[in-house]
Structures are given as C-alpha cells and as structure tokens.
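2 protein chains.
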Amino acid sequence: MMTDTPLAFAQKSSCSSLRTAIRRGRVFGLLGLASFAIALSGCATVTSAEADKPALYVYSTIDALLSGAYDGELTVKHLVSKGDFGLGTYNRLDGEMLVLGGVPYHFTADGAVTVAKPDDKIPLAYVLPFRPTHRFTLAGSPTAMSLTDIEAAIDARLPNKNLFYAVDVTGQFTGITTRAIAAQTRPYRPLAELVKTQVLFPRDAATGTMVGIRSPAFSKGVSVPGWHWHFISTDRSYGGHVLAIGLVNAVASVTPSHKVDLDLPANEDFANSDQTKDRSAELHQVEKQQK
Amino acid sequence: MMTDTPLAFAQKSSCSSLRTAIRRGRVFGLLGLASFAIALSGCATVTSAEADKPALYVYSTIDALLSGAYDGELTVKHLVSKGDFGLGTYNRLDGEMLVLGGVPYHFTADGAVTVAKPDDKIPLAYVLPFRPTHRFTLAGSPTAMSLTDIEAAIDARLPNKNLFYAVDVTGQFTGITTRAIAAQTRPYRPLAELVKTQVLFPRDAATGTMVGIRSPAFSKGVSVPGWHWHFISTDRSYGGHVLAIGLVNAVASVTPSHKVDLDLPANEDFANSDQTKDRSAELHQVEKQQK
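For the record, the sequence lines run as chains A and B.
Under my numbering, think of the first position of the first sequence as 1, with each following residue one higher.
Under my numbering, think of the first position of the second sequence as 292, with each following residue one higher.
These aren't lab readings, by the way, just hints derived from the structure by calculation.
Worth double-checking, as some hints may not be accurate.
Chain B stretches covered by chain A per the calculated footprint, using a threshold of three residues with CB under 8 Å from any CB of chain A [what the hints assert, rightly or not]:
hint: 1; segment: 349-361
hint: 2; segment: 372-379
hint: 3; segment: 508-520
hint: 4; segment: 560-567
Some but not every residue of chain A turned toward chain B, in silico, with C-beta under 7 Å [as the list claims (entries may be wrong)]:
hint: 5; residue: A156
hint: 6; residue: Y188
hint: 7; residue: V260
Glycine included, every Cβ here is placed at the ideal spot set by N, Cα and C.
When you get a sec, could you build the whole thing from the sequences and use the hints?
If you want it as structure tokens, here you go:
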C-alpha cells in the first residue's frame with residue numbers, strides 16, 4: 001500500500017514538531033499515518049526556489065575510501081553545518097555514521113551507538129539539509145517488503161534517475177542486519193579486504209529510520225551509484241550500514257537534490273590514493289550482503 | 292625549458308594589471324618572461340584559506356551531453372557569476388565556449404568568434420574563479436611541444452592527480468587545429484555521431500591562450516577525465532576546441548580546485564538522458580583528433 005502526499009515545506013514551519021514526531025517514528029499505525037498525511041498536507045507552505053534545491057554536500061569520494069584513504073580533515077562540527085541528514089563513516093574507518101535531525105550518530109563495531117563529538121573527524125560523508133518534497137507510505141502485506149522491494153517502490157516514484165535523492169524511511173521493520181567495521185591501524189588495507197572483518201548486528205524487529213542516499217550512475221567514483229542505506233532505531237540504541245531489512249510499514253520522505261557540493265580532502269592520503277581503476281566490483285562486495 | 296614561479300595571489304591585488312597583460316599574451320619573449328616572473332614573485336600577497344580553494348562550477352554532465360542533452364537552462368549571465376575562466380558549449384550544441392578574463396567567447400562552425408549574450412543558454416560548462424597558485428614557462432626547442440608533451444610537462448608539476456585544475460597557457464603556438472560543431476535541430480543525435488560533421492580550423496601559427504581543465508579519473512561521467520582544451524587567439528579572431536597544437540613558448544598558470552559545485556539541469560532532456568552506459572569510447576572519439 002502506498003499513499004502519496006506531495007509536500008512543499010519551507011525549511012522551518014510551524015509543522016516542524018509534527019514532522020519531527022513522524023520522523024522519530026512515534027507513529028506507526030496505518031490509520032494514524034493516513035491522518036498524519038492529511039495533517040501534513042495542511043502544512044504545505046510556499047517554497048522558495050533555493051529551498052527547492054538543497055545541495056548534497058559530499059566529502060571525499062567512494063573510490064578514495066575503497067582504496068584505503070580512511071582519514072579526512074572534515075570535522076563533525078563542519079559536517080552538520082552542511083546538512084542535517086545523511087551518512088558516512090569516521091576516521092580510521094571507525095564504524096558507521098548516520099546524521100538524522102542534525103544529530104551525528106556513531107555506530108561502532110562493539111555494537112554501541114553514540115553521538116559523535118564536534119571535533120571527531122570524517123574521511124567520507126554525504127549530507128544535505130533535509131527538505132522533503134514528497135512523502136508516501138510503504139507497507140509489506142502479507143509479508144514484509146525486502147530491501148529490493150523498498151528500493152523498487154521508491155524508484156517508481158522518482159521519474160528522474162539522474163538526480164541525487166535523500167530518503168527518510170521511518171516505521172516498523174523486521175529481519176534487520178546491519179554491520180560496522182572496527183577502527184583500523186596503519187598501514188591501511190583496501191576496504192574490500194577489511195569488509196571480511198565486518199561485525200554483523202542482526203535483529204528480529206525494530207522501529208526506526210532508514211537513512212538513504214540515491215546517487216545517479218554518472219556519479220560512480222564519487223558516490224555509491226543507486227541506493228546506500230544506514231539505519232537507526234527509534235530509541236537510538238541500534239543501527240549501522242544496512243545489509244538486509246524487511247519493511248512492515250513506514251513513511252518515506254524524499255528530498256531531491258539538483259546540486260552537489262563536492263569537497264576533496266587536502267591531505268596526502270587522498271592525493272596519493274589510486275582512483276584510476278574501476279572499483280565497481282569492490283564496491284558491490286563492500287556495500288551489499290554477500291550471498 | 293621550464294621556470295617555476297610559485298604564486299600566492301589574493302583575488303585582487305595591485306599586480307592584477309601585470310597579470311592581465313601576461314594572460315592576454317602581450318609578452319612572449321623568454322627573457323621578457325623571466326623578468327615578468329621575477330616581477331610577479333614580488334606580487335605574492337597573503338592568501339586566505341578560501342582564496343586557496345576556488346570551486347569549479349560544473350553545469351550538467353559530460354555523459355548527458357554525449358547522450359544528446361544539448362539544451363540547458365543555464366544563462367551566460369549566471370555562468371560568468373560562477374567563474375571567469377573555463378569552457379563548455381552553447382544550446383543546440385552551437386559551437387564551442389571559452390571563458391577568459393570573465394568574457395564568454397563563442398566559436399561557431401562558420402569560423403566566427405563572438406562574445407555571447409547574457410541571455411544565451413548553455414547545456415554544459417566548467418568554470419571557476421581563476422586564481423593561479425603556480426606559474427611556469429614552457430618552451431619547445433628545437434621543435435614545438437606537441438599537445439601530449441604540453442600535458443606531460445604540466446602533469447609533472449601536479450603531484451596530486453585527484454584534484455581538478457584550471458590551466459591558462461598563454462604564448463606562441465604553431466600547427467593548431469581547432470574544431471567546432473554546427474548548431475543542431477531536434478531530434479538530437481548522440482554526440483559521437485555529430486562529431487563526424489565537425490568543422491576543422493587549421494592555422495600555421497597564432498599567439499593566444501589555451502584554456503584547459505584537468506579532471507581526475509573519479510569524475511568520469513561528470514567531466515572529461517584528464518585534459519580538455521579550448522583555444523583563443525590573442526586578437527580574439529580564432530579558436531575552438533583543440534584537436535592539435537604545437538607550443539613554441541608560453542607561460543602556464545595553474546589554479547587547483549579542491550571543490551566542485553555541480554549543478555544539474557532541471558529539464559526533461561537531462562532527466563530522460565541515458566547516463567547508465569559507459570561512454571568512455573564515445574568520449575575519446577569526440578574529444579580527440581582521429582588518427
């Protein structure tokens with residue numbers, strides 16, 4: 001079941017607390033969702049041209065990370081000034097990063113979830129100011145939607161596959177597997193080798209938010225083409241990079257981005273990283289669950 | 292022969308007229324260059340962190356152009372607000388674009404060189420505020436340096452191949468071949484087909500400026516990996532996309548860019564363009580001289 005609600009939010013409206021409540025996953029019943037969808041339609045405000053076009057801030061490149069450039073100069077403080085929603089990792093490849101509602105979460109390989117410190121550093125990140133233009137419900141019936149199903153259902157609502165999209169999917173999930181990789185020591189090995197050491201965190205059920213970035217094919221080398229998902233539970237105690245998930249019911253909120261603000265690290269690791277080879281196969285190995 | 296002159300310009304210094312004179316190619320003798328290099332060293336001023344990092348403004352993607360997306364919404368007026376140096380083309384694939392000293396030149400397939408109007412539109416462009424950090428002389432002796440030689444000589448000065456660079460090579464050239472493609476009518480055919488209709492403009496010798504953008508391998512799909520050169524003569528009567536050139540002597544000025552400001556067209560052509568295939572072979576066919 002999918003119910004469409006086109007939105008035209010200003011960045012800060014009187015409806016923000018309502019949206020926040022929905023984003024935080026406090027409301028999951030479908031009837032409740034329908035009511036909220038109607039309420040949200042009433043929240044639509046005039047949107048300026050600039051508000052229509054939040055820029056996706058990208059620090060470093062996926063090919064640099066794949067090659068082993070695990071240390072950046074970007075601070076968490078600077079990152080959250082560029083966007084309140086997104087994903088990435090931390091220096092030394094220390095676990096997974098997720099930014100939601102402006103809060104930079106840190107999932108480590110021991111299973112802990114903490115809030116990163118302003119001076120923590122980042123080798124790779126994708127964030128933007130989350131200003132959804134479209135919202136719809138997703139529900140798995142009679143069985144949960146798989147990750148592939150979720151991506152297909154959202155893709156069906158995105159006529160332009162040549163833009164970037166940030167998507168918040170907040171609701172009730174089942175059969176979740178997240179992963180995190182432990183902090184590394186130098187000399188760093190390529191990511192495709194380290195992924196064999198990843199720690200898996202399976203969970204039967206959780207309410208929470210999938211934070212997704214969808215990147216167009218032409219951005220290969222800079223971003224992960226297609227979908228890239230991290231997850232955080234509503235109680236902020238569980239999450240990581242999503243390898244598998246089942247959706248019971250949720251609300252998907254979509255922020256399209258026509259603009260990318262790419263910021264390349266000014267350090268030796270980045271300068272010396274070999275970004276000339278095609279790392280598509282390595283990327284698939286790193287990002288997806290191995291069959 | 293190459294003489295290095297590291298620079299640290301503020302965007303506007305009292306030396307700007309001197310730099311402008313050099314950029315405009317009024318001085319070509321090597322002795323003269325040496326004197327100017329010394330004079331320019333004296334121009335170095337304190338450079339702010341931001342001035343170190345001019346953003347390369349990129350409108351649309353090379354893969355969109357290759358697929359036949361020849362109409363953009365970007366105006367010349369907006370383009371030159373983003374940078375005073377760079378290259379691209381005009382709507383309907385009408386010839387070649389070069390921006391130098393903030394002036395948007397237009398080379399058409401009839402061999403004319405005009406200054407574009409503020410409302411002219413652009414489907415693809417790469418421009419930045421030109422703030423060179425490094426300058427050196429290049430000279431072909433006893434024979435002119437080929438395009439390959441020029442690129443190799445500049446590459447040797449760029450330790451970090453994972454950044455973007457804008458390079459102004461102003462001097463005396465020989466054996467030049469430029470090209471331009473005539474404006475197209477819909478339905479548009481892919482660029483690799485149209486390049487067969489390109490008009491060549493050979494010239495035995497000219498003084499002028501090569502305007503180059505060097506893009507890292509990871510930007511494939513968005514930009515032309517490696518070098519991309521357009522040329523304009525000092526008298527502004529001749530130029531286009533460079534297929535072949537010989538360098539007698541010149542000054543190369545290099546502006547590195549750690550930042551890219553990518554702006555994707557908000558039109559149907561871009562949305563519908565097939566950017567999923569690998570267009571490397573098409574790109575080579577389009578950008579380089581066929582043997």
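Index of numbered hints that the structure contradicts, given in increasing order: Failing hints, ascending: 2, 5 and 6.
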